[in-house]
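Peer 1: What follows is the residue order along each chain.
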Amino acid sequence: MLQDIFAFEFMRNALLAALLSSIACGIIGTYVVVKKIGFISGGIAHTAFGGIGVGYYLGINPLLGVIPFSLAAAVAIGLLSKKAKVAEDTAIGTFWAVGMAVGVICIGLKPGYAPDLFSYLFGNILTVPSFDLWMILLLDLLILAVVWILSKEFLAISFDEEYAAVSGLKTMALYLLMLCLIALTVVVMMRVVGIVMVIALLTIPAAIARMVSRSLPGMMVRAVLLSAFFSICGLWLSFLLDVASGATIILVAGFCFLLAHAWRFFRLSPGAPGLS
Amino acid sequence: MRAPVIECDCLSVDLGGVRVVDGLTLRVGEGDFLALVGPNGGGKTTLLRVILGLERFSAGSVKVFGGLPGSSPGRIGYVPQRLFFDREFPISVRDLVLMGRLSKKKLFQHYNRPDREKVDEAVCMVGLERLIERRIGDLSGGELQRALIARALAGEPELLLLDEPTASIDPQMKTIIYDLIEKLKERLTIVLVTHDTALIGRYVTKIATLNVTLELHEPNSVFPNP
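Each protein sequence line maps, in turn, to chains A and B. Per this note's numbering, the very first residue in the first sequence carries number -7; after that it's consecutive. Per this note's numbering, the very first residue in the second sequence carries number -12; after that it's consecutive.
Any given hint might turn out to be false.
What the hints assert, rightly or not - Dumping the calculated BS3-like pairs for lysine-lysine here, alpha-carbon to alpha-carbon at most 25 angstroms:
{"no.": "1", "chain 1": "B", "residue 1": "LYS105", "chain 2": "B", "residue 2": "LYS50"}
{"no.": "2", "chain 1": "A", "residue 1": "LYS27", "chain 2": "B", "residue 2": "LYS161"}
{"no.": "3", "chain 1": "B", "residue 1": "LYS50", "chain 2": "A", "residue 2": "LYS162"}
{"no.": "4", "chain 1": "B", "residue 1": "LYS161", "chain 2": "B", "residue 2": "LYS193"}
{"no.": "5", "chain 1": "A", "residue 1": "LYS27", "chain 2": "B", "residue 2": "LYS193"}
{"no.": "6", "chain 1": "A", "residue 1": "LYS162", "chain 2": "B", "residue 2": "LYS93"}
{"no.": "7", "chain 1": "A", "residue 1": "LYS162", "chain 2": "A", "residue 2": "LYS102"}
The set of hints was computed from the structure by calculation and includes no laboratory data.
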């Protein structure tokens, strides 16, 4: 059964994309969940669509357009939400829509039909070219390196930003760097589940992992494994049922999320103490 | 005369257009144990935040260890109010206390063995050694409070700032925390924000009431020992 699936090169690439993107997803998703910045991450993801449009208009690989665009969006949203006298959700919502609008206009300006744009919005893991795989691998390594080097700083600003500031950390710079890593993770996962659904795969594995973790590194490892599990399950189901892969992955993740909460609810309901 | 640790001169602070501290002059010397009491919204926490460099002031001057607030992070230990934490956060007591070593480390530098030894010492000091691997969400209020004190102590501070460490803790645990602070006052300068006016009289060297303006008292004159 499995041999049948992996006889195709596109399936092998899809599997690699799923596994590689799970690394970034689990690690960065952990920060998104514990720091409760899911909405900001959603904003960055949707603003990134502008980058796809710009890349498409300029005739370059959309991934190359989206990386600088989403990094700029991350910094701008971060600064605006913390420094300006704008409510955070207003700032995020504005960027969210403006980024999408830029993308739509750019794509409209370019003559001809844009067949693969749908795959950036909703993901199409079955059409990942080798170039994109290398890009995903590179971004994974970059994210891993930064998180390893700054692990104590990121833990501090996630748990208690004020204490981090009192300890002499440049919390704003670290926060912006964290948002940039989220932007890169969005780029990595765009191929797998698409911009619209990125936020679910970024948060669900980490949220389930948190229920049984006692440390951030432990939560990251579990989130990576869960993310890989959801992606592979979704991929396999989508192959069997011949339905969209990105959406199937999200449905698998969402179903497991409900299951995990149901398990916790029934386990804890007889008045048992919290998880250890 | 002992070296000044905190010197505020005619300090005023405005928050959102409201004056919360007005014309405050205060001097805390080395080895002092100052209790700040006063009503909620009286500016106690704000004063601590100004001393830490977290909040700007609008008039007057503040010096901490002779420099600007926020310029000597390695010498100050801060125990914020325990109620503000996400108790679902996956972090053990050990890792929480390890955070207290942040101010002694450079960027990119990972924690090492001496840091871990300081953490063990601080955890023993507050009596949490049996719970060191426990997730903070599974601690009681008093235990979490002691863990936060351990975090501040792990950084080997000279000045300790505590913001209502005994708020909503049962009376027995309050005594444990005050006994702990009593032990610390021999080697640290302490500023304590509290509502426990009945309990603190016998511990502190100075008491100040802060309700926008500050008044300094001798400890036994206002709250005589029972």
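Peer 1: Take the hints in turn and mark each one as holding or not.
Peer 2: Status of each hint after checking the structure:
no.	hint	result
1	B:LYS105 <-> B:LYS50	violated, 28 angstroms
2	A:LYS27 <-> B:LYS161	violated, 31 angstroms
3	B:LYS50 <-> A:LYS162	holds, 21 angstroms
4	B:LYS161 <-> B:LYS193	holds, 20 angstroms
5	A:LYS27 <-> B:LYS193	violated, 39 angstroms
6	A:LYS162 <-> B:LYS93	holds, 12 angstroms
7	A:LYS162 <-> A:LYS102	violated, 43 angstroms
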